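Enquirer: Sequence:
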Amino acid sequence: MQRLLNESKNGEFDTVITYKLDRLARKTRDSLEIVETLERHNVQLMSYSENIDTTTPGGKLFYTVMSSVAEMERATIIDRVKMGMNQRANQGMWNGGIVLGYDVINKELIINEDEAKIVKEIFILASKGHGYKKIAYEMNKLGYKTKKKKDFSIATIKGILENPLYKGKIRYNQHENWSEKRRKGKNDNPIIRDGIHTPIIVMELWNQVQQKLKTRSFRPAQSSKPYFLGRLLRCPECGYGMTAAKSRGKNGKQYRLYQCGQYKNKGRTAFQAHTINADKAEQYVIDELKRVVTLPYFIDKLVDKMNDDRLNAESPLLDDKKRLLKNKRKIEKQLDNLVTLLMDDTDLRDTYSKKMLEQKKQLATINDHIEKVEKELQHISKDPIDAEALNHLLKNIDTLLDKADATEKKELLALFIKDIQITKEKVSHKEGWQIKCINLMFDFTIEALQGSSSILINKMSEINWIAPLDTTFMEEPFSREENFREALSSLNILPLFMVRFPTINPKSPINLLHQNKTHQLMRKRHFRERQLLIRSLHHRVTQSE
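Residues in the sequence shown are numbered from 1 upward in steps of one, following full-length UniProt numbering.
Derived from the structure by calculation, the hints contain no laboratory data. Some hints here could point you the wrong way.
Calculated lysine-lysine pairs in the DSSO-like style (CA-CA distance at most 27 Å, straight line) [what the hints assert, rightly or not]:
| # | residue 1 | residue 2 |
| --- | --- | --- |
| 1 | Lys107 | Lys133 |
| 2 | Lys250 | Lys225 |
| 3 | Lys141 | Lys212 |
| 4 | Lys128 | Lys167 |
| 5 | Lys409 | Lys246 |
| 6 | Lys290 | Lys333 |
| 7 | Lys225 | Lys436 |
| 8 | Lys149 | Lys361 |
| 9 | Lys134 | Lys167 |
| 10 | Lys107 | Lys128 |
| 11 | Lys360 | Lys149 |
| 12 | Lys372 | Lys360 |
| 13 | Lys133 | Lys148 |
| 14 | Lys117 | Lys107 |
| 15 | Lys354 | Lys148 |
| 16 | Lys186 | Lys212 |
| 17 | Lys9 | Lys436 |
| 18 | Lys141 | Lys426 |
| 19 | Lys290 | Lys326 |
| 20 | Lys150 | Lys186 |
| 21 | Lys212 | Lys120 |
Small disclaimer: the values here were computed from a predicted structure and weren't measured.
Required output: the full structure, derived from the provided sequences and hints.
Expert: Written out as structure tokens, the structure reads:
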């Protein structure tokens, strides 16, 4: 749907036809917003089965009524399904889903003996006082896997130890309004009834484990100085985000660290910690961002290069799509030939079945690649970046960072930084792992700012923009995209392609615009100007792949 709305802005079509209104949106509000968006771009909406034409006043009224009816019908169906599932739960019956230790056969839970041994081992370790992480480490060390054939994590162990299913109970309605609230909508009074399935854990062991869990504190460690790079720092081994950690040195001093989130969740059997000093990393990132992005000459040349790239961004993707479609047609033709051959001679089935399976896998892979290319094409914009507006913003980045607290820094840095890579190996035994490069991606679009707090945007409005930033919309919740569009109309800034900034190596510095030769962002005629403006710049810019 988002793709359709985006393409409507480009005038690629003038009519949208839907078979039935309930296939268009789940809520009346969403249906009305879709029509408003289409009308703004002179696109009409028509329903085949309801015979609705939104170009007429009567059609709009009928559309609103039918949208409300469709929403009511959907809510009614949901209520009926919930009633049926509540009834099953009250009768001790399983409502579906996979769970370690059991197989679901004919909608009934049947013990899987091999998996049940793993569940029992987890409860035994917990009864001995082991924590979630320690148990996950032991399970992964023994080579055990979850029901989905993945490594055990803290969350997995916690879910198993707190699940009354293993003592013979059925728990249902643990979360309310899951589609909107997700895990935040936890129900304090879920349905818990005696199940008709066979328990894996005896009541004595269950009670012993629950008592142990109550006596342990699993609250995350609090810090007087919050961490704000956790979403940006990436583990060099697995690519997972780094999370907060602490360590105490030999002198008793406590250090703030970032470590691999997978390591923290699953233990060292699965990943290494790759710890990095939090204070040094945070100060380094802020200093680099302040220093690099406030160089006007650099920004001008960067914008010129990015605008040129934006104009030609589609070409390589279209070439890739053309090549993939050609390979797809070739494999589909080969599969058709094999099917015809097998229909003529079924004795050849064993001979060619493996070949058919391989080609089907190749076809699935190609389809995945085509889908990825199409998604990239959807997000390409040829609109030029406003260099003046971007310059004005970046000149004040140091002021914004100085004013922002830790939470606001997280939101602000996420608008500038795609991710931060660290070295795969320790720089030295003393220094440990260090920041390798900062991947910047200036993203001041409406969508990016929707996640930002009103406090942060208020701080941004205090800066002297090219045009004043209207913040009156913050008196009401951020419920509509139009609110952002009106309030941020002065920020004519679009996302830049990612720009990599490798860090300085004091022994062999890497120069951005190469002190003694031309660079892709600067021609010969700019040498003299460059020497006057940026003498000490020691970075290079490389276009992201």
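Enquirer: Take the C-alpha atoms of Lys150 and Lys186, compute the straight-line distance between them, and say whether it is at most 27 Å.
Expert: Measuring from Cα to Cα gives roughly 25 Å; hence the hint holds.
Enquirer: Given the proposed pairing of Lys290 with Lys326, does the C-alpha separation stay at or below 27 Å?
Expert: Distance ~48 Å between Lys290 and Lys326 Cα, so the pair is violated.
Enquirer: Check the hint pairing Lys354 with Lys148 against an upper bound of 27 Å on the C-alpha distance.
Expert: Holds - the C-alpha atoms of Lys148 and Lys354 are around 26 Å apart, at most 27 Å.
Enquirer: Please verify whether Lys9 and Lys436 have alpha carbons no more than 27 Å apart.
Expert: violated, 40 Å
Enquirer: Does Lys225 pair with Lys436 here, judged by a C-alpha cut-off of 27 Å?
Expert: holds, 24 Å
Enquirer: Given the hint that Lys212 pairs with Lys120, does the C-alpha gap stay at or below 27 Å?
Expert: holds, 16 Å
Enquirer: Does Lys360 sit within 27 Å of Lys372, going by the straight-line distance between their CA atoms?
Expert: The hint holds at about 19 Å.
Enquirer: Is Lys141 close enough to Lys212, meaning Cα to Cα at most 27 Å?
Expert: holds, 23 Å
Enquirer: Measure nothing beyond the straight line between the CA atoms of Lys290 and Lys333; if it is 27 Å or shorter, mark the hint as holding.
Expert: violated, 57 Å
Enquirer: With the threshold set at 27 Å, check whether the alpha-carbon distance from Lys409 to Lys246 stays at or below it.
Expert: holds, 21 Å
Enquirer: Checking one constraint from the list: CA of Lys128 to CA of Lys167, max 27 Å. Satisfied?
Expert: This hinted pair holds, its Cα atoms lying about 18 Å apart.
Enquirer: Just to be careful, I want the Cα atoms of Lys107 and Lys133 compared with a cutoff of 27 Å; is the pair within it?
Expert: violated, 33 Å
Violated hints for the displayed structure, listed by number in ascending order: 1, 6, 10, 17, 19.
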